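Place chain R on chain W using the hints.
As given, the protein sequences belong to chains W and R, one line each in that order.
Residue 576 in this note's numbering sits at position 153 of the first sequence, and the numbers go up by one each step.
Residue 637 in this note's numbering sits at position 214 of the second sequence, and the numbers go up by one each step.
Keep in mind that a hint or two might mislead.
Copies of the same chain are indistinguishable here, so a pair counts whether it falls within one copy or spans any two.
[Stated by the list, open to error] Below are the DSS-like pairs computed for lysine-lysine, each with C-alpha atoms no more than 30 Å apart in a straight line:
#1 Lys642 / Lys538
#2 Lys551 / Lys514
#3 Lys514 / Lys642
#4 Lys551 / Lys642
#5 Lys642 / Lys606
#6 Lys606 / Lys578
#7 Lys578 / Lys538
#8 Lys578 / Lys642
#9 Lys578 / Lys551
Source of the hints: derived by calculation from the structure; they are not laboratory data.
Quantities reported herein were computed from a predicted structural model and do not represent experimental measurements.
Protein chains: 2
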Amino acid sequence: MDFGTEFKPLTVQPQEIEGLSFQMITEELGGHDFSAEQYPVVQRIIHASADFELGRSLVFHPRAIEAGITAILQGMPVIADVRMVEAGIAKERIQRYGGEVRVHISDPDVIEEAKALDLTRAIVATRKACAAAPGGIYVIGNAPTALLELIRLIKEGTARPGLVIGMPVGFVSAAESKDELRKLDIPYITNTGRKGGSTIVVAAVNALSLLADRQAEGK
Amino acid sequence: MDFGTEFKPLTVQPQEIEGLSFQMITEELGGHDFSAEQYPVVQRIIHASADFELGRSLVFHPRAIEAGITAILQGMPVIADVRMVEAGIAKERIQRYGGEVRVHISDPDVIEEAKALDLTRAIVATRKACAAAPGGIYVIGNAPTALLELIRLIKEGTARPGLVIGMPVGFVSAAESKDELRKLDIPYITNTGRKGGSTIVVAAVNALSLLADRQAEGK
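Chain W on its own, in the form it takes in the complex:
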């Protein structure tokens, strides 16, 4: 490759790059069992990971997409488990309907209480979020303890999330926490196995808010 000073990549527009990528994903993925309404989320997660195995491991509660769109359009807060997730979410599409993105993992009171109770900050942050917004959209890409605590609060009746996007990544308790999530009859988007992470859950939220925009525009 030779870069002159006048170098300009052939495809410089993010929209063009995205369109071409999505076309490649659909071609390479081939046959699958996802519904037409679930597929945009699958596609955006594969786009963010370049990982078809991860894409195929996704599991949707039957009401997940509809519930997620409704929650966004109703202005429910989006609760992120860590700052990276908060940073990646397209906030203008959440704020448009009155929602906001929250993250409590670094709140001074959360840090203090976690030390006092000898619990992870993720657990204490989840408790704080549920006390303030039991019906929010919960987005967990990292801490299995956050997801397990949320599941406990749901079973207890304290939390009634509009949607749970639960895909913690890792070797200890991550897959197990997702197995527990799939036993619940509440709207969730998750996957099987160890993979997941901030970029994956962000892709799911951003795919849903695009669908919400489309619904709001009556398309």
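Just chain R now, kept in the frame of chain W:
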């Protein structure tokens, strides 16, 4: 699983979870060709992705680890391609030696110039970063156009990065941009193929700053 109100996960300390995860990674990875100084970066990337294929695809310039540690200890700025990367980097370990984490993708002047020149914001942000800090640590997990522009500036002699961590993810130009990076004789950490992303490059930076701390402490 039955969560009583007294529920406490068995391993609640992040340090314990991390130690156990690292042990599992070493056991499952088995044989590999990474050096002892490269391995902590490989391990942390597998920890962040649960993806051994991605771990095995990593490629290190022979001077990468030493150059990265030196750059951190000298307080060179860390330039992130997007806000998610900035959010994930353990800033206290960069600031300890006088460095800071910068991200220019959403700067108003970058947005304006990108529109005026019909280029991606990633290209314009890379130009701005190199003008201010030609010797910084460049961390690119997303835009292939940012990496290609950085390579052009390096060839031109305008940029002389202390280290390039270049692992853009995606279907269009991502693998190709990394192929170009590997042709340079400068300190880099990259991989082959389409995978990469914010969480991956963040893991690399955070592994390096831990190594820098260890070196500073004379361990």
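Status of the hints after comparison with the structure:
1. For the identical chains of this complex, Lys642 and Lys538 are inter-copy neighbours only, at 28 Å across copies versus 49 Å inside a copy, given an alpha-carbon limit of 30 Å.
2. In the homo-oligomer, the alpha carbons of Lys551 and Lys514 lie at most 30 Å apart both inside one protomer (21 Å) and across protomers (25 Å), since each shortest distance falls under that limit.
3. Taking the shortest Cα distances, Lys514 and Lys642 sit within 30 Å of each other inside one copy (21 Å), while across copies they are farther apart (43 Å).
4. In this homomeric assembly, Lys551 and Lys642 never come within 30 Å of each other (Cα to Cα): the closest approach is 37 Å inside a single copy and 39 Å across copies.
5. Taking the closest pair of Cα atoms, Lys642 and Lys606 never come within 30 Å of each other, the shortest separation being 34 Å inside a single copy and 47 Å across copies.
6. Proximity of Lys606 and Lys578 under a CA criterion of 30 Å is satisfied intra-copy only: 11 Å inside one chain copy versus 55 Å between copies.
7. For a Cα distance limit of 30 Å, the shortest separation of Lys578 from Lys538 inside one copy, 25 Å, qualifies, whereas the shortest one across copies, 50 Å, does not.
8. For a Cα distance limit of 30 Å, the shortest separation of Lys578 from Lys642 qualifies neither inside one copy, at 37 Å, nor across copies, at 48 Å.
9. Within a single copy, Lys578 and Lys551 get their C-alpha atoms as close as 17 Å, which meets the 30 Å cut-off; across copies the closest is 51 Å, which misses it.
In terms of the numbered hints stated before, the structure departs from hints 4, 5 and 8, listed from lowest to highest.
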